[in-house]
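Asks: Build the full structure now, drawing on both the sequences and the hints.
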Amino acid sequence: MRAEEFQRVSLKIIAEALLLCTPAYMKKVSLPLCIADEPRIASFDFSKRVTVRVSLANPGAEDLANELANSFAGLTVSTAEAADDATHMLLYLNEDSFSDERLAEQVKQARQDRL
Numbered sequence: 394m395r396a397e398e399f400q401r402v403s404l405k406i407i408a409e410a411l412l413l414c415t416p417a418y419m420k421k422v423s424l425p426l427c428i429a430d431e432p433r434i435a436s437f438d439f440s441k442r443v444t445v446r447v448s449l450a451n452p453g454a455e456d457l458a459n460e461l462a463n464s465f466a467g468l469t470v471s472t473a474e475a476a477d478d479a480t481h482m483l484l485y486l487n488e489d490s491f492s493d494e495r496l497a498e499q500v501k502q503a504r505q506d507r508l
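Numbering (the working numbering), first residue to last: 394 to 508.
Hints listed in this document are in silico derivations from the structure and should not be mistaken for laboratory results. Glycine residues also receive a C-beta, built at the ideal position from the N, C-alpha and C atoms. Don't take each hint at face value.
To be verified - Derived DSS-like pairs (lysine-lysine); straight-line CA-CA distance at most 30 Å:
hint: 1; residue 1: Lys420; residue 2: Lys441
hint: 2; residue 1: Lys405; residue 2: Lys501
hint: 3; residue 1: Lys421; residue 2: Lys441
To be verified - Have a look at the derived ranges for each label pair, beta carbon to beta carbon:
hint: 4; residue 1: Leu413; residue 2: Arg495; range: 41 to 49 Å
hint: 5; residue 1: Pro452; residue 2: Glu398; range: 24 to 32 Å
hint: 6; residue 1: Met419; residue 2: Gly467; range: 39 to 47 Å
hint: 7; residue 1: Leu413; residue 2: Gln505; range: 45 to 53 Å
hint: 8; residue 1: Asn459; residue 2: Ser403; range: 27 to 35 Å
hint: 9; residue 1: Gln505; residue 2: Leu404; range: 39 to 47 Å
Replies: Printed below as a string of structure tokens:
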């Protein structure tokens with residue numbers, strides 16, 4: 394199933410690159426391509442309430458979590474460092490990850506809390 398999804402994404406990337414080289418689409422930067430019967434992001438939602446905990450010691454995590462919350466109904470974001478009603482923790486990995494020692498401790502706590 395997962396390989397099929399990657400194949401769909403790869404096909405869309407290849408098709409977009411080819412189409413953007415044609416005279417009809419040369420002035421475009423990107424194309425909103427889709428495959429028939431492909432799930433649309435607008436149709437996704439959560440069957441249960443989901444609260445994502447993000448660490449303020451994890452640069453970029455809060456911005457990404459808020460972007461996801463704006464896209465998916467039923468998703469809320471918590472920046473609380475203490476135990477709260479979070480069901481998941483978002484760990485945003487980049488070159489600045491773990492530059493703050495608090496993040497490592499918060500990840501350990503989240504694992505203990507089974508997030």
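Asks: Next, verify each hint and record whether it holds.
Replies: Here's how the hints hold up against the structure:
1. Lys420 - Lys441: 44 Å, violated
2. Lys405 - Lys501: Distance of about 39 Å is beyond 30 Å: violated.
3. Lys421 - Lys441: 40 Å, violated
4. Leu413 - Arg495: 41 to 49 Å: 44 Å, holds
5. Pro452 - Glu398: 24 to 32 Å: Because 29 Å falls inside the window, the suggested range holds.
6. Met419 - Gly467: 39 to 47 Å: 41 Å, holds
7. Leu413 - Gln505: 45 to 53 Å: Since Leu413 and Gln505 have Cβ atoms about 48 Å apart, the given range 45 to 53 Å holds.
8. Asn459 - Ser403: 27 to 35 Å: Distance hint for Asn459, Ser403 holds at roughly 29 Å.
9. Gln505 - Leu404: 39 to 47 Å: 42 Å, holds
The structure is inconsistent with the numbered hints 1, 2, 3, although it conforms to all the rest.
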